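There are 2 protein chains.
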Amino acid sequence: MSELFVKTLREDPADAEVASHKLLVRAGYIRRSAPGIYTWLPLGLRVLDKIEAIVRQEMNRIGGQEVRFPALLPAEPYQATGRWEDYGPNMFRLRDRKEAEMLLAPTHEEVFTLLVKDMCSSYKDLPLMLYQIQTKYRDEARPRAGLLRGREFIMKDAYSFDVDDSGLDRAYEAQREAYQRIFDRLGLDVVIVSAMSGAMGGSRSEEFLHSTPVGEDTYARSAGGYAANIEAVTAVPPPALPTDGQPQALVTPTPGADTIESLVKLANSDHARAGEPWSAADTLKNVVIAAVHPSGERELIVLGLPGDREVDMSRLAAALYPAEAEPAGDSDFATHPELVRGFIGPAVLGANAPDPAQGVRYFLDPRVVAGTAWITGANAVDQHVFNMVAGRDFLAAGQDGQPVIDAAEIRAGDAAPDGSGPLEMARGIELGHIFQLGRKYAEALDLRVLDQNGKRATVTMGSYGIGVTRALAALAEKCHDGRGLIWPAHVAPAHVHVVATGKDPGIFAAAVGLAEDLEEAGLEVLYDDRPRESAGVKFADAELLGIPYILVVGRGLASGVVELKDRRAGTTAEIPAASAVSQVSEVVNTALRAGL
Amino acid sequence: MSELFVKTLREDPADAEVASHKLLVRAGYIRRSAPGIYTWLPLGLRVLDKIEAIVRQEMNRIGGQEVRFPALLPAEPYQATGRWEDYGPNMFRLRDRKEAEMLLAPTHEEVFTLLVKDMCSSYKDLPLMLYQIQTKYRDEARPRAGLLRGREFIMKDAYSFDVDDSGLDRAYEAQREAYQRIFDRLGLDVVIVSAMSGAMGGSRSEEFLHSTPVGEDTYARSAGGYAANIEAVTAVPPPALPTDGQPQALVTPTPGADTIESLVKLANSDHARAGEPWSAADTLKNVVIAAVHPSGERELIVLGLPGDREVDMSRLAAALYPAEAEPAGDSDFATHPELVRGFIGPAVLGANAPDPAQGVRYFLDPRVVAGTAWITGANAVDQHVFNMVAGRDFLAAGQDGQPVIDAAEIRAGDAAPDGSGPLEMARGIELGHIFQLGRKYAEALDLRVLDQNGKRATVTMGSYGIGVTRALAALAEKCHDGRGLIWPAHVAPAHVHVVATGKDPGIFAAAVGLAEDLEEAGLEVLYDDRPRESAGVKFADAELLGIPYILVVGRGLASGVVELKDRRAGTTAEIPAASAVSQVSEVVNTALRAGL
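Same order as they appear, the protein sequences are chains A and B.
Read in order, the letters of the first sequence are residues 243 to 838 in my numbering.
Read in order, the letters of the second sequence are residues 243 to 838 in my numbering.
This is chain A alone, in the form it adopts within the complex (with noise of 0.2 Å):
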């Protein structure tokens, strides 16, 4: 500990809002370089190293072989397959000295692509299952949360090639199987989500999330089974009604009622229906979003949906990939005065309007289906229309050219996609995701062997992605205590920490011979011969760094005991000086066996 190079910190980074981000910092395993960006210390990089050296058993396991390409790349393959353009201001993008156009790469689809493209001409070159674990570069906009969401951080990325389905079948199935493995060693719960494909395209694809409370991801599970990204999920339409038979739309004057609260109101007091009351989801909303493209341009778009539902942005921004989407403005207005705020009604909406906004494209939530009846905006001041019945007022969701956008919020309760009872809501952290990417890439970029036939095949691909560094942030999430870190033992940065205490030589000659002997018998330690420090720093440093097992030579020593304190169960036991070193070796090969 005198010669480590760690300082440990008594308070928390100002920056720093979750406990791994607090405790990394403070306990000297990261240290921020610049927003996003992150140094390793020494202790921090020999847990990164122990995680590394998981991920590559399992990825070898499954007969991935490794590679590593350059961080630095050069733009044009992703140009070919237009990602140059999609990842707008998330990619890091630079010229060289000549003028080239290059990237820090977010993610390697392209250049596997190319690579297998240049290596193999023949069905018989596969299947193949190529993976690299390296560092990445993504511009986010919002960098926080440490290593959760950083700029530079450490991906496994895994790239599998097959000529048919049932190949890529397959290898998603032998990577769906290693992430299985790898957070279960790492003693990481995941929950497996279905997923957007978002930037990667694609069909099948599945997340891997820890839940934690700290998440960014929202996801939705059922007690029947179903679990999916939050932005996955999708909405359950009611039945579709007939048209014919059904009150005419009514303009109907509606004074001050410019919220769907003060609409509802007024709609019971002076408009009131037999049976049950007006609601918010007898209303029909309609927001306006700027949908800002990757080449910059901004196009405003109406999407129309129940008003006791809200837009979420996160589904609205996986609905609008590669847009960003953001609420329209007082200058987004201003050139649409047809768009009456408070009162916007499709009557100047979608393509069968009489007198359509111009330019602004109309979507519909998938609940608006033929034959619902909605009170909506006139698109005049204080004015709303009765009985708006789409398919018959209006084109409703699927019908001509009305686009569907499945972006309202998901509410617990809500009824799972595929029947398996209410859905319930929790956040994790998104460790790992998976994809079937197909032909997209190999399509993009000419992939193609010749098949069994001697036929040209396009290549289908898989993606798998791992967050390395954030896999460790969500142990350190998972793995503390009020006092500091409490890692598993075969993650740990060292198995053991002894600590001498007091003045007398003596109790540090002794904790020299007992770390040497510990090591001796193959144990990782780490010794604090501090002579200065106090019982009580050398305890909080020591808990606060989180080796799971604490050796304590102290006083005890004259009558021939230590101390072994079990950070993970919270208990301490004297047991003689002795035999301390068979017991804490027994100690902790138990725990790396259960993987504890």
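Accuracy of the hints is not assured; some may be wrong.
Any copy, or any two copies together, can satisfy a pair, since identical chains are not distinguished.
To be verified - No more than 30 Å apart at the CA atoms, straight line, and that leaves these computed lysine-lysine pairs for DSSO-like:
hint	residue 1	residue 2
1	264	807
2	697	682
3	745	697
4	264	340
5	720	366
6	780	745
7	780	249
8	720	780
9	366	249
10	264	359
11	249	697
12	292	507
13	340	745
14	264	780
15	780	292
16	264	366
17	697	292
18	682	366
19	720	249
20	745	249
Simulated from the structure, these hints should not be mistaken for lab results.
Remember, it's a predicted structure, so these values are computed and weren't measured experimentally.
With chain A's structure known, arrange chain B on it following the hints.
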């Protein structure tokens, strides 16, 4: 082999000039991604990992603690030390989405200094030795020779921090010895040569060069033990002579003598002197050079040197650093008509010239000492001046305001500056470079600690680099023959390459068994299981790949023998199949122990 991600090439890559580049690409160790930027394939990564492990062990042995900095860094610290500007176009620069200036680090002195400033406050925290093995970036103007001069490469960079000079000396010596052990273990002969500090600054500095004709660095050595990079060799000036009593300078028509050769010829024919004839060494050549400063400013300078020596552009570049040097061109001369090409002389140059060229600094070679007399230009077409005496007619080297640039070529036979005899020249690959930085960075970034007297003392630093990927290339340069690579066993991607030949399933079964038994015995085995390839193709591949021992299982198996080829020795021996595992183990383990 049927599953390994490798594709051997029979042809050299078009852009490859050196053996390491050709063979590493042809054998499927690396693949070019962009100019000077490579992807590591499975075989290459294995060798790289083994080399890194050796470097890591030796750094740990001298108390180095491993950390890992980001490759992507903020500009500020580099602006504080001036290197943001000094690096000029050699540094990859970018702006993040918030327009903050960032760089891809070519080396990390600044941020190590800041980290230690952040973590250490007292002399008790020192001495400290930190290192990292990490990807570095340098936007080379002319990336070449594969891994030997790349734009993305792996370096081990270590930094020492001490309170006093003797501490720095100890750290420097420890690194120096560690380097000798590392290169010794890698099997790379190195010459340690004095070096220029260049971009690093600081005082003492040495390079570790692997001697090879393909090396980019030229160094000079004497039989008496002197060794220096050619950039760091200092000329041995002759003794100064009295100026009194020398003949007057005399302007003389020299029609058509616009080269040194024609001038000497004319001098000997029309102005012969008693004793030895005029030679080029009697002429003072004034070479006009454009120094391009990092700011982009272009400054003309003139270097006066004996006419028998050329300017060595690499020595000149080192002398002018951080400016870059290039020969002056027509447009440069157009702005200075007083510089008459072919006839430039000191009368228009230097601070004491009667009518000096404005804004043109004049430098002299160290050999131009006071009292030496020269034939040199008279600043008019077809005019030279004889008996132009340094220190009388123009300012000689070292005299007031007249700086020296020691950039003339060094030639075999020149005297070593330490008097140890004549120099001879050789070429080498720079594998390591160690620097005593002193307090340059600590002062620029205010790294101070409390010393034993409670006073704030500026820390003194050293910086120690090894080009890890370059060391791998140097090994490939050294360890190959006409058929392919021949790795030393301890860095080879595997120890034994088992090759089954023919079509007989019994042979393949026996080969698999041997491969498994060899692995069981702790060896790393690559097994060529390909049933359809001819023995010729398999042998060619095995020899190209360079695994040092090839065990051939073929027809001889019927008579109970297999063949063991030792690639390094070039020998082939029949050995009994029954004892093959023990015999091969013995051979490999002997090689591993010997580091062969």
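Taking the hints in turn, this is what the structure says about them:
1. 264 / 807: within (23 Å within a copy, 58 Å between copies)
2. 697 / 682: Result: close within a single copy only, 19 Å intra versus 65 Å inter.
3. 745 / 697: between (80 Å within a copy, 28 Å between copies)
4. 264 / 340: Classified as between; 25 Å across copies, 43 Å inside a copy.
5. 720 / 366: neither (45 Å within a copy, 35 Å between copies)
6. 780 / 745: within (13 Å within a copy, 68 Å between copies)
7. 780 / 249: Answer is within; shortest intra-copy Cα gap is 12 Å, inter-copy 56 Å.
8. 720 / 780: The answer is within: 24 Å in one copy meets 30 Å, while 52 Å across copies does not.
9. 366 / 249: between (55 Å within a copy, 13 Å between copies)
10. 264 / 359: Answer is between; shortest inter-copy Cα gap is 21 Å, intra-copy 45 Å.
11. 249 / 697: between (63 Å within a copy, 21 Å between copies)
12. 292 / 507: neither (61 Å within a copy, 75 Å between copies)
13. 340 / 745: Answer is neither; intra-copy 64 Å and inter-copy 54 Å both fail.
14. 264 / 780: For residue 264 and residue 780, only the intra-copy Cα distance (19 Å) is at most 30 Å; the inter-copy one is 56 Å.
15. 780 / 292: within (25 Å within a copy, 37 Å between copies)
16. 264 / 366: For residue 264 and residue 366, the Cα distance is within 30 Å only across copies (26 Å; inside one copy 51 Å).
17. 697 / 292: Neither. Shortest intra-copy (45 Å) and inter-copy (42 Å) distances fail the 30 Å Cα cut-off.
18. 682 / 366: Cα proximity of residue 682 and residue 366: one copy only (22 Å, versus 59 Å across).
19. 720 / 249: within (23 Å within a copy, 44 Å between copies)
20. 745 / 249: within (22 Å within a copy, 65 Å between copies)
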